[in-house]
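*Asks:* Sequences and hints are given; from them, build the entire structure.
2 protein chains.
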Amino acid sequence: MLDSSSNNNNSVGVALNKDKGIEFLDAIAEKEFRFTLVISYTETAEIDGITVAGADKDLVKFTPAADAELLYHGKCKSIASIPATPDGKPTPAVITRAMLRLADIPLTIIDSGSIIKPLAPHYTLSAAHGKSIMNGNAISREEVEQIYRHSIELGRVLAKSTGCLVIGESIPAGTTTALAVMLAMGIDARFRVSSSMPNNPHPLKLKVVEEGMRRAGVGFGSLKDRPMDAIAMLGDPMMPCVAGLAIGAVEYAHVILAGGTQMAAVLALINTLSSRLDKIAIATTSYVVNDPTADIRYLVKSITANDVYVPLIYADPMLSLSSKRGLRAYAEGFVKEGVGAGGACVAASAKSGFRINARDILYSIEMEYENTIEAPMRSVMGK
Amino acid sequence: MLDSSSNNNNSVGVALNKDKGIEFLDAIAEKEFRFTLVISYTETAEIDGITVAGADKDLVKFTPAADAELLYHGKCKSIASIPATPDGKPTPAVITRAMLRLADIPLTIIDSGSIIKPLAPHYTLSAAHGKSIMNGNAISREEVEQIYRHSIELGRVLAKSTGCLVIGESIPAGTTTALAVMLAMGIDARFRVSSSMPNNPHPLKLKVVEEGMRRAGVGFGSLKDRPMDAIAMLGDPMMPCVAGLAIGAVEYAHVILAGGTQMAAVLALINTLSSRLDKIAIATTSYVVNDPTADIRYLVKSITANDVYVPLIYADPMLSLSSKRGLRAYAEGFVKEGVGAGGACVAASAKSGFRINARDILYSIEMEYENTIEAPMRSVMGK
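So the protein sequences, as listed, match chains A and B.
So in numbering that gives the first Met the number 0, the last one in the first sequence is 382, and the numbering has no gaps at all.
So in numbering that gives the first Met the number 0, the last one in the second sequence is 382, and the numbering has no gaps at all.
It is possible that part of the hints are untrue.
Each pair may be met inside one copy or between any two copies, as identical chains are not told apart.
Straight-line distance between alpha carbons at most 25 Å, and here's what the computed DMTMM-like set of lysine to aspartate or glutamate pairs gives [claimed, not checked]:
id, residue 1, residue 2
1, K74, E373
2, K223, E210
3, K76, E141
4, K76, E152
5, K74, E142
Since the hints were derived computationally from the structure, they do not count as laboratory data.
*Replies:* This is the structure in structure tokens:
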């Protein structure tokens with residue numbers, strides 16, 4: 000069904016654990032899909048220089064809610080424009096929305112500790128947002144457990160109405176909390192997590208994480224078997240939610256963890272919490288897989304060492320060929336992934352039995368870009 | 000399976016359309032159940048004398064959220080005590096919670112236009128609360144459509160993970176909006192809707208409704224075939240949500256509309272919007288069925304006149320035999336129903352294959368009353 004070695008029209012490939020990956024893609028071909036966006040917030044995002052997920056510091060708080068609104072309404076309601084980097088690179092929610100519309104995939108928004116609630120229908124876990132991990136005490140242990148348990152139940156319900164549950168996230172500074180949790184769990188993620196900037200601020204992330212670990216009294220690998228403590232001390236509220244959703248959902252459906260190195264951290268948690276990884280894959284963009292400043296292959300490989308092979312799937316939306324500068328930026332090392340964009344491309348293609356190809360995907364994304372970004376801008380400028 | 004004519008241990012009976020009712024109860028016996036509480040708000044509740052769903056006027060706004068919190072946590076978080084009438088009769092959420100725990104029935108809270116959001120996990124439709132129906136313009140037509148469409152989708156998802164979806168509500172002044180919608184749709188509900196007071200304020204309700212109809216330019220029956228307009232002009236945001244949930248859910252599961260005369264109004268809407276009423280029943284308490292100030296039998300009968308027979312099921316929790324004064328009040332004409340209490344009793348009994356009897360139900364409710372009402376009160380009083 001999927002010929003991963005074929006022509007350049009093919010938008011989906013497997014970067015790690017190829018046999019399992021092709022088996023996974025065959026299994027989800029022409030299935031029903033549901034896309035779930037988990038939005039969340041950690042005060043870690045307020046550390047200078049750690050994230051560009053927002054045009055300025057005040058707007059970063061709004062990014063998760065605005066991403067959710069963009070997916071649901073095609074425009075944001077909590078802020079005037081759409082989320083973008085300070086120099087105007089648009090949120091990957093544009094890609095995700097294009098894919099959900101292209102393949103008619105239903106959306107469920109889940110709030111797990113976001114600070115601004117989206118003006119769109121959503122499920123809220125009624126959880127507090129995360130504190131800065133620099134304190135080594137990000138979330139109460141009780142809250143982590145509650146989010147996790149409730150998400151398992153929610154994952155079961157959602158999975159019973161679909162064949163494949165795709166789980167994306169929007170949380171600013173998520174790669175920093177991912178780094179912290181992976182280090183605490185004994186995955187050497189130093190210099191291996193991605194960034195939405197071409198100039199990945201590894202030294203800053205490490206400094207923040209090391210300070211958090213020092214305050215928590217935690218060393219490399221010392222929380223290897225204590226995933227809940229790792230989240231409570233050094234993680235964010237997205238993590239127990241996505242882990243719970245996946246663990247609940249996999250009883251009834253296939254699960255795509257739609258994201259880059261943040262989802263590697265979630266996979267590390269799942270791997271410790273559950274033995275059922277056989278129907279789980281990570282799917283991301285080619286921009287994360289090929290990120291020269293990171294190494295997601297290494298992360299996934301070292302998480303699933305002991306004869307558990309979770310495939311790392313990628314989608315190449317060929318944005319380098321786009322006529323839109325804001326989209327070409329993705330191929331130049333900006334943004335790269337987020338809001339489950341890569342997984343949404345994989346899902347759209349798989350739902351169509353892989354008949355939706357790279358050209359269809361690029362065209363849909365460009366149309367969405369025109370509708371959600373260029374058209375409103377023209378109307379503001381009175382043209 | 001169900002012997003409705005048997006001994007007084009039997010807590011469940013059929014008040015209307017008996018054959019269909021027994022068939023319905025047989026079909027749901029020993030099935031999986033999910034209980035959904037829809038919380039909402041209408042400014043109609045601010046009219047003097049129209050509702051006692053709250054200890055005072057300011058607290059009425061909090062009642063739906065507090066009911067949801069009580070169901071989820073076993074205590075309220077938005078207010079200090081639990082919802083009660085001004086003279087201390089407790090919310091029927093105590094009964095509902097007892098039943099969900101007795102029969103291990105999972106809960107989903109849905110916010111459709113509540114003004115205070117519950118501090119508990121819930122799905123929100125992100126809808127505005129309703130304005131007073133005295134203006135004849137309670138909700139925007141667009142909002143009604145959005146709530147309805149989204150609820151259909153949500154009903155489908157929820158129903159796919161259960162055998163029977165039980166839908167209850169908490170909205171103060173809901174019998175007044177129910178009266179208005181039924182009159183506009185040609186159901187002569189005057190002097191036939193229930194009240195949480197023994198002294199049903201029919202004249203006040205009618206005055207409010209007639210003023211609303213006058214302002215909307217609507218007469219008796221003139222919106223017979225325009226259910227969405229009836230809700231927009233004279234209804235509340237609970238209605239399109241419950242109607243949508245039921246219509247979506249009935250494709251995959253049985254549906255219990257858990258409530259009294261408010262659910263009769265929803266049934267009138269469903270009857271116009273859908274032809275699939277065969278797997279729907281109304282279930283309420285014996286206190287509503289036997290309410291001398293109302294007539295739910297008449298309402299259900301006249302809604303489903305043309306060879307559609309929706310059963311009216313009731314549960315008798317035998318609260319007249321309770322040692323607790325707050326519970327005996329239910330049998331004396333106070334509160335009577337709400338938060339899906341009657342339907343929750345039916346569901347608990349049905350889930351057990353009707354082995355859970357009236358004695359079990361009364362005992363569970365009394366235990367819940369001790370835990371949620373008496374114990375916190377004792378601790379406040381330092382005893």
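*Asks:* My question is about K74 and E373: at a cut-off of 25 Å on alpha-carbon distance, are they close within one copy, between copies, both, or neither?
*Replies:* within (12 Å within a copy, 50 Å between copies)
*Asks:* From the Cα coordinates, with 25 Å as the cut-off, is the pair K223 and E210 best called within, between, both, or neither?
*Replies:* The answer is within: 19 Å in one copy meets 25 Å, while 67 Å across copies does not.
*Asks:* If the cutoff is 25 Å on CA atoms, where do K76 and E152 land: within, between, both or neither? Let me know, please.
*Replies:* Classified as between; 22 Å across copies, 30 Å inside a copy.
*Asks:* Should K74 paired with E142 be assigned to within, between, both, or neither, using CA atoms and 25 Å as the limit?
*Replies:* Between. Shortest inter-copy distance 17 Å satisfies the 25 Å Cα cut-off; intra-copy 32 Å does not.
*Asks:* Up to 25 Å between alpha-carbons, please classify K76 paired with E141: within, between, both or neither.
*Replies:* between (33 Å within a copy, 17 Å between copies)
Violation of the numbered hints given earlier is absent; every hint is satisfied by the structure.
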